[in-house]
Amino acid sequence: MNGYGGHILRVNLATGQVKKEPTPADLARDYLGGRGFGIYFLLKEVPKGADPLGPENKLIISSGPLSGLLVAGGGKCDWTCKAPLTGGYASASMGGHFTAELKYAGLDSIILEGISPKPVYLFIDDDKIELRDASEYWGKGSMTVEKMMKDKFGEEFQIAVIGPAGENMVSFAHINHDFGRQAGRGGVGAVMGSKKVKAIVVRGTKSVPVADMEAYRKAGMALYKACKDAEGLQEWTRYGTTIVTSWCNEVGALPTRNFSAGSFEGAQGIYGQTMREKIVITDKGCFGCPCPCGKYSKTKKYNSYVEGPEYETIGLLGSNVGIDDIEAVAQANLLCDEMGIDTISAGNVIAWAMECYEKGIFTKQDTGGIELKFGNADAVFKMIEMITKKEGLGALLADGVKKASQEIGKGTEKFAIQVKGMEQSAYQTHNATAMLLAYMTCDVGAHHNRAWAITYDIQVGRDKVVPEKVARVIWLQHFRPMFDVLGACRLQWVELGIDRDLYVPLLEAITGIHRTWEDIEKVGERIWNLTRLYWARENAGFGRAWDMPAPRFYEEPPTSGVTKGQYTKLEDVNKLLDMYYEQRGWDSNGLPKPETLEKLGIPQELVA
Amino acid sequence: MSAIFRLSGSLKDVVGGKDEYIIEAGHTVREQLLALGIVPETVAMVSVNGAMETKDYVIQDGDTVRVLAVVGGG
Numbered sequence: 001m002n003g004y005g006g007h008i009l010r011v012n013l014a015t016g017q018v019k020k021e022p023t024p025a026d027l028a029r030d031y032l033g034g035r036g037f038g039i040y041f042l043l044k045e046v047p048k049g050a051d052p053l054g055p056e057n058k059l060i061i062s063s064g065p066l067s068g069l070l071v072a073g074g075g076k077c078d079w080t081c082k083a084p085l086t087g088g089y090a091s092a093s094m095g096g097h098f099t100a101e102l103k104y105a106g107l108d109s110i111i112l113e114g115i116s117p118k119p120v121y122l123f124i125d126d127d128k129i130e131l132r133d134a135s136e137y138w139g140k141g142s143m144t145v146e147k148m149m150k151d152k153f154g155e156e157f158q159i160a161v162i163g164p165a166g167e168n169m170v171s172f173a174h175i176n177h178d179f180g181r182q183a184g185r186g187g188v189g190a191v192m193g194s195k196k197v198k199a200i201v202v203r204g205t206k207s208v209p210v211a212d213m214e215a216y217r218k219a220g221m222a223l224y225k226a227c228k229d230a231e232g233l234q235e236w237t238r239y240g241t242t243i244v245t246s247w248c249n250e251v252g253a254l255p256t257r258n259f260s261a262g263s264f265e266g267a268q269g270i271y272g273q274t275m276r277e278k279i280v281i282t283d284k285g286c287f288g289c290p291c292p293c294g295k296y297s298k299t300k301k302y303n304s305y306v307e308g309p310e311y312e313t314i315g316l317l318g319s320n321v322g323i324d325d326i327e328a329v330a331q332a333n334l335l336c337d338e339m340g341i342d343t344i345s346a347g348n349v350i351a352w353a354m355e356c357y358e359k360g361i362f363t364k365q366d367t368g369g370i371e372l373k374f375g376n377a378d379a380v381f382k383m384i385e386m387i388t389k390k391e392g393l394g395a396l397l398a399d400g401v402k403k404a405s406q407e408i409g410k411g412t413e414k415f416a417i418q419v420k421g422m423e424q425s426a427y428q429t430h431n432a433t434a435m436l437l438a439y440m441t442c443d444v445g446a447h448h449n450r451a452w453a454i455t456y457d458i459q460v461g462r463d464k465v466v467p468e469k470v471a472r473v474i475w476l477q478h479f480r481p482m483f484d485v486l487g488a489c490r491l492q493w494v495e496l497g498i499d500r501d502l503y504v505p506l507l508e509a510i511t512g513i514h515r516t517w518e519d520i521e522k523v524g525e526r527i528w529n530l531t532r533l534y535w536a537r538e539n540a541g542f543g544r545a546w547d548m549p550a551p552r553f554y555e556e557p558p559t560s561g562v563t564k565g566q567y568t569k570l571e572d573v574n575k576l577l578d579m580y581y582e583q584r585g586w587d588s589n590g591l592p593k594p595e596t597l598e599k600l601g602i603p604q605e606l607v608a
Numbered sequence: 001m002s003a004i005f006r007l008s009g010s011l012k013d014v015v016g017g018k019d020e021y022i023i024e025a026g027h028t029v030r031e032q033l034l035a036l037g038i039v040p041e042t043v044a045m046v047s048v049n050g051a052m053e054t055k056d057y058v059i060q061d062g063d064t065v066r067v068l069a070v071v072g073g074g
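Same order as they appear, the protein sequences are chains B and G.
So for the first sequence, our numbering puts the first residue at 1; every next one is plus one.
So for the second sequence, our numbering puts the first residue at 1; every next one is plus one.
Simulated from the structure, these hints should not be mistaken for lab results.
Ideal Cβ positions, reconstructed from N, Cα and C, are used throughout, including at glycine.
A hint or two may mislead.
Chain G side only, calculated, beta carbon under 10 Å to chain B, not exhaustive [as the list claims (entries may be wrong)]:
| # | residue |
| --- | --- |
| 1 | S8 |
| 2 | E41 |
| 3 | V43 |
| 4 | M45 |
| 5 | A51 |
| 6 | M52 |
| 7 | T54 |
| 8 | Q60 |
| 9 | R66 |
| 10 | L68 |
| 11 | A69 |
Label pairs and their computed distance ranges (CB to CB) [as the list claims (entries may be wrong)]:
| # | chain 1 | residue 1 | chain 2 | residue 2 | range |
| --- | --- | --- | --- | --- | --- |
| 12 | B | V607 | G | G16 | 43 to 53 Å |
| 13 | B | A540 | G | D19 | 54 to 64 Å |
| 14 | B | P467 | G | A25 | 39 to 49 Å |
Model the full assembly from the supplied sequences, consistent with the hints where possible.
Rendered as structure tokens:
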């Protein structure tokens with residue numbers, strides 16, 4: 001099948017059996033790949049009510065039709081499962097080189113099923129596929145194991161690996177790859193750990209068939225040329241995502257001390273410029289990327305090497321925990337990567353604990369003697385370790401900020417910054433109504449990557465609550481995640497402003513099927529509705545209340561910075577939801593109406 | 001005492017399509033943006049001779065300043 005590896009690999013961890021099935025042509029036609037394949041298999045095969053950390057949950061790893069080919073940024077891989085962090089849908093996108101090798105091994109998806117009786121790793125070398133004993137790796141850090149495996153198997157093998165936090169099933173454990181790229185959010189690493197799979201090692205040498213070789217070459221080169229000619233390429237490559245740190249601080253979007261403010265007095269110390277001057281030693285890109293955003297850094301203070309930090313980590317493990325030293329942020333980043341926990345959730349949940357401590361809700365007795373105050377980098381390092389080991393206060397925080405705040409009570413739920421149980425990523429949303437709505441309605445919880453709408457807030461008026469903003473969020477939710485379906489990086493479009501129409505002839509040349517962006521967005525809308533159905537299926541009483549943001553954003557104005565005193569009223573939060581549901585064809589409780597599902601051609605087998 | 005001031009992306013449209021200006025040195029980037037009718041908040045990044053600077057940077061003689069609009073985010 002043109003554009004695809006051609007097979008789905010099923011791995012039954014309980015029996016050790018591995019089995020390849022042809023990738024169904026209608027699946028590729030209707031869901032394309034990546035997170036499209038993920039939600040299809042999740043809805044169809046993981047039974048209702050499955051324990052996220054039990055044998056019934058599955059970890060579905062999928063490339064897309066643009067992965068591993070002559071596509072600028074064709075290095076993305078989707079990891080889907082039922083999320084331990086939220087009890088709903090998890091889909092984490094990972095860059096690097098893994099997805100290309102997967103495809104060259106003739107695979108479009110790997111589905112991990114059941115639980116292994118002992119720690120194993122999955123070894124794939126083209127058609128040689130084996131589960132191997134992982135006892136020598138179990139208990140070790142992610143990057144330590146990746147290095148050991150690279151030394152053993154060779155550089156051309158690509159490795160995705162969990163750290164001790166994944167083994168311990170920390171609810172926001174992630175999966176590491178390429179010494180600093182992650183499938184980060186929702187606890188996909190905990191699911192891999194629950195299955196006792198330490199790593200997946202893959203190498204492939206097969207060709208991927210394309211429909212029209214000459215058109216493919218031309219369209220592929222046109223996309224590369226557009227990237228190389230793009231205004232801003234030089235700066236983007238120099239700073240990567242850290243390019244937005246100073247802008248976020250300027251417009252009051254930089255999360256500061258547990259999202260109590262949007263501007264940080266110590267921001268200069270964590271700006272992209274500061275980072276580039278003080279710690280960056282080289283740039284690092286994913287498969288086929290002409291504009292690498294990864295920065296490889298060396299800290300003097302800690303004598304350590306790390307990929308990053310990128311913006312999200314700077315926001316959450318920098319300003320949000322009151323740290324103004326880029327070296328300390330980099331060190332916290334390194335610890336999270338090696339331990340195997342998501343930096344966004346970690347920075348968010350630690351900031352919540354710091355606020356609890358500063359308000360006297362936690363004492364030194366609770367923290368094990370740690371002075372858990374904003375700005376204390378050593379306390380952050382220690383908390384990362386305690387979360388990983390589920391030790392002391394770390395055991396509470398390892399469940400995520402929603403559950404932790406529900407357990408502690410005392411009003412701490414109001415400053416637990418999350419939606420649907422997922423900790424909010426690094427954009428302050430007291431007065432940015434489109435971005436607030438994007439977080440409220442994101443299909444994995446409070447994550448920014450589906451719809452980054454904050455610039456639209458700035459352009460049209462940040463406090464406006466108008467249908468145009470809602471329409472913008474919905475369009476972004478259909479369009480942006482399609483990169484995670486196609487198996488490519490969205491940042492070429494996002495950051496360099498590449499004409500998205502360049503992808504249309506490329507996809508057609510590869511697959512042989514003509515699709516316009518409208519066709520592709522329709523797939524995006526179908527997937528969006530399916531993820532909503534999944535949440536509703538798995539959570540009794542799911543509906544509007546699950547879309548509400550942290551009360552802090554509609555009850556407590558920021559205490560300082562450029563947005564001091566500004567916040568969104570509760571009636572406007574509800575108005576945003578009313579407009580959103582109406583535009584989507586959902587009922588007033590936020591559930592898709594039958595006619596909406598029918599219009600989208602959603603098969604009955606996935607609705608039940 | 002002059003410098004080059006370049007606008008990229010959608011910022012060009014704000015000022016009617018012209019993307020390069022020869023300006024006098026001595027003003028901050030923020031002042032120069034306001035003089036051209038551009039809201040500073042819509043500018044994500046300021047590059048001076050290839051290195052990132054803030055909007056409070058005072059433009060020096062011979063500088064090449066490029067300002068980039070906020071595009072789409074991470």
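Per the CB criterion, is E41/G less than 10 Å away from chain B? holds (5 Å)
Q. Regarding the hint that S8/G lies at the interface with chain B, is the smallest CB-CB distance below 10 Å?
A. holds (4 Å)
*Can the hint on L68/G be confirmed by a CB-to-CB distance to chain B that is less than 10 Å?*
holds (5 Å)
(request) Under 10 Å, Cβ to Cβ, is where M45/G needs to be relative to chain B, so tell me if that hint holds or is violated. (result) holds (5 Å)
Satisfaction of the V43/G interface hint, Cβ to chain B closer than 10 Å = holds (8 Å)
**Prompt:** Taking the closest Cβ pair, is Q60/G under 10 Å from chain B?
**Reply:** violated (17 Å)
Answer holds if the nearest beta-carbon of chain B is closer than 10 Å to that of A69/G; otherwise answer violated. holds (9 Å)
Checklist line | Status of the hint placing T54/G at chain B (closest C-beta pair under 10 Å) | finding: holds (6 Å)
A540/B and D19/G, beta-carbon distance inside 54 to 64 Å? holds (57 Å)
A closest beta-carbon separation below 10 Å is what the hint needs, so does A51/G meet it against chain B? holds (7 Å)
- Just tell me: holds or violated, for the beta carbon distance of P467/B and A25/G against 39 to 49 Å? holds (46 Å)
Given a hint of 43 to 53 Å, does the C-beta separation of V607/B and G16/G actually sit inside it? holds (52 Å)
Of the numbered hints stated above, the single one contradicted by the structure is hint 8.
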